[in-house]
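Sequential numbering of the sequence shown, starting at 1, is according to the UniProt record's numbering.
Since the hints were derived computationally from the structure, they do not count as laboratory data. One should not assume that every hint holds.
Said to hold, decoys possible - Label pairs and their calculated CB-CB ranges: (1) 160 <-> 20: 49 to 57 Å; (2) 351 <-> 104: 31 to 39 Å; (3) 93 <-> 243: 17 to 25 Å; (4) 322 <-> 211: 44 to 52 Å; (5) 68 <-> 374: 22 to 30 Å; (6) 222 <-> 384: 43 to 51 Å; (7) 160 <-> 337: 46 to 54 Å; (8) 211 <-> 402: 48 to 56 Å.
Please read these numbers as outputs of a predicted model, since none were measured by experiment. All C-beta atoms in this analysis are idealised placements derived from N, C-alpha and C, irrespective of residue type, glycine included.
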Amino acid sequence: MTTFAEQALADRARYAEATAGLPTPLAIVDLDAFDQNAAELGTRAGGVPIRIATKSVRCRELLRRALARPGFAGLMCYSLAEALWLHASGLSDDLLVAYPTVDPVALRQLAANAKARAAITVVVDSPAQLDLMDRVLGQGHPEIRVCVEFDTSWRPLPGLHIGTLRAPLRSVRQVTGLVRELLARQGFRPVGLLGYEGHIAGLADAPDNRVFGAVLREVQRRSARELAGRRAAIVDAVRALTPLEFVNGGGTGSVESTGAERAVTEIGAGSGLLGPTLFDHYTRFRPRPAALFGLSVVRKPDTRVATLFAGGYLASGVARGDRLPAPYLPAGLRLTGAEGAGEVQTPVRGTAARGLRVGDTVWLRHAKAGELAEHFTDYHLVRGNEIIQRVSTYRGDGQCFG
Numbered sequence: 001m002t003t004f005a006e007q008a009l010a011d012r013a014r015y016a017e018a019t020a021g022l023p024t025p026l027a028i029v030d031l032d033a034f035d036q037n038a039a040e041l042g043t044r045a046g047g048v049p050i051r052i053a054t055k056s057v058r059c060r061e062l063l064r065r066a067l068a069r070p071g072f073a074g075l076m077c078y079s080l081a082e083a084l085w086l087h088a089s090g091l092s093d094d095l096l097v098a099y100p101t102v103d104p105v106a107l108r109q110l111a112a113n114a115k116a117r118a119a120i121t122v123v124v125d126s127p128a129q130l131d132l133m134d135r136v137l138g139q140g141h142p143e144i145r146v147c148v149e150f151d152t153s154w155r156p157l158p159g160l161h162i163g164t165l166r167a168p169l170r171s172v173r174q175v176t177g178l179v180r181e182l183l184a185r186q187g188f189r190p191v192g193l194l195g196y197e198g199h200i201a202g203l204a205d206a207p208d209n210r211v212f213g214a215v216l217r218e219v220q221r222r223s224a225r226e227l228a229g230r231r232a233a234i235v236d237a238v239r240a241l242t243p244l245e246f247v248n249g250g251g252t253g254s255v256e257s258t259g260a261e262r263a264v265t266e267i268g269a270g271s272g273l274l275g276p277t278l279f280d281h282y283t284r285f286r287p288r289p290a291a292l293f294g295l296s297v298v299r300k301p302d303t304r305v306a307t308l309f310a311g312g313y314l315a316s317g318v319a320r321g322d323r324l325p326a327p328y329l330p331a332g333l334r335l336t337g338a339e340g341a342g343e344v345q346t347p348v349r350g351t352a353a354r355g356l357r358v359g360d361t362v363w364l365r366h367a368k369a370g371e372l373a374e375h376f377t378d379y380h381l382v383r384g385n386e387i388i389q390r391v392s393t394y395r396g397d398g399q400c401f402g
């Protein structure tokens, strides 16, 4: 069986041959790794359909490629404007906007397009969002498909909140209260439920600190158990009021536990397709790095240092070292503590730096899957040792959704 190090060495040779003569910075997606990651996501889901999180891909061709695979169905968008654009592109007729929208232009476009209204579902968690839509669209507006999101965080003790700060709805009573209001109001139809357990799905359970990792895994285990019972109760109570087309939960890091819940009908996931660095430290899986960006060595200030052009592609979230891009190929490189990943230059040091010459390419990985696409207009799709296609990212398509 090929080791991770052996695979990386072979990959570097393939990428060098595939991209010879191309200018840098450039971004590639290794389709061998992408397809393998997609297959493993499907296996982990155990037959539960995966709705692709578009924010973690941000490239229509890659979304299309994943949707063509068995086990993948529908898109989870992060913006209503994005969902309208993807629907108009013919990419899918099943799009869930997983974050509340207050965009008046996009809301009016949705209301004016019967085909889009039949395909797109928007998330709400408060009557305030319904009131805003009524104000924007006017009384008597066409029916909007709605999904109710509820809070999945774990609160084992008063004042202790473990999880993301998302929806205000937590209990069966709170969720059914909003569903009842939706049923009583004209212009809205509840069709689904959403609960994203980010503290399980998006938090690596095998950090370098083993003691912390053991504590974290126990917290996640207990939280998952509490959530499974609460989610089932919420789903049962809502189904007693109205039919549901879907119940969405989870993410790349919680595919197994979320998919095992009887109440869940689909899983939202996307980062596992491209394998960013934030998903390197899980006990249950390890995706192959599929999305990389190449930077050229432009200086050698020291025999143990190589300075690359550009590279300051930091990830969103809490400002920590794990949000920096990571040198990947050749192995044995690291960023410097003084400069990190810079706006116009990125020094790297390590044993491998001695062998680097001006003009050589160093491959790096982004911390998050989709945000790399905000820095490049195109992805070069690599199969084996050649580029088989050059495809546009959202940026290359002239789109920026926030």
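Here's how the hints hold up against the structure:
Between residue 160 and residue 20 the beta carbon distance is about 55 Å. The supplied range of 49 to 57 Å therefore holds. Residue 351 and residue 104 have their C-beta atoms about 56 Å apart, which leaves the hinted 31 to 39 Å range violated. Look at residue 93 against residue 243: about 19 Å separates their beta carbons, and that is inside 17 to 25 Å. Residue 322 and residue 211 have their C-beta atoms about 18 Å apart, which leaves the hinted 44 to 52 Å range violated.
In this structure the hint that residue 68 and residue 374 lie 22 to 30 Å apart at CB holds, the actual value being about 25 Å. Separated by about 45 Å at the C-beta atoms, residue 222 and residue 384 satisfy the suggested range of 43 to 51 Å. A hinted range of 46 to 54 Å is violated for the C-beta pair residue 160 and residue 337, which are about 34 Å apart. Between residue 211 and residue 402 the beta carbons are some 38 Å apart, a value that contradicts the proposed interval 48 to 56 Å.
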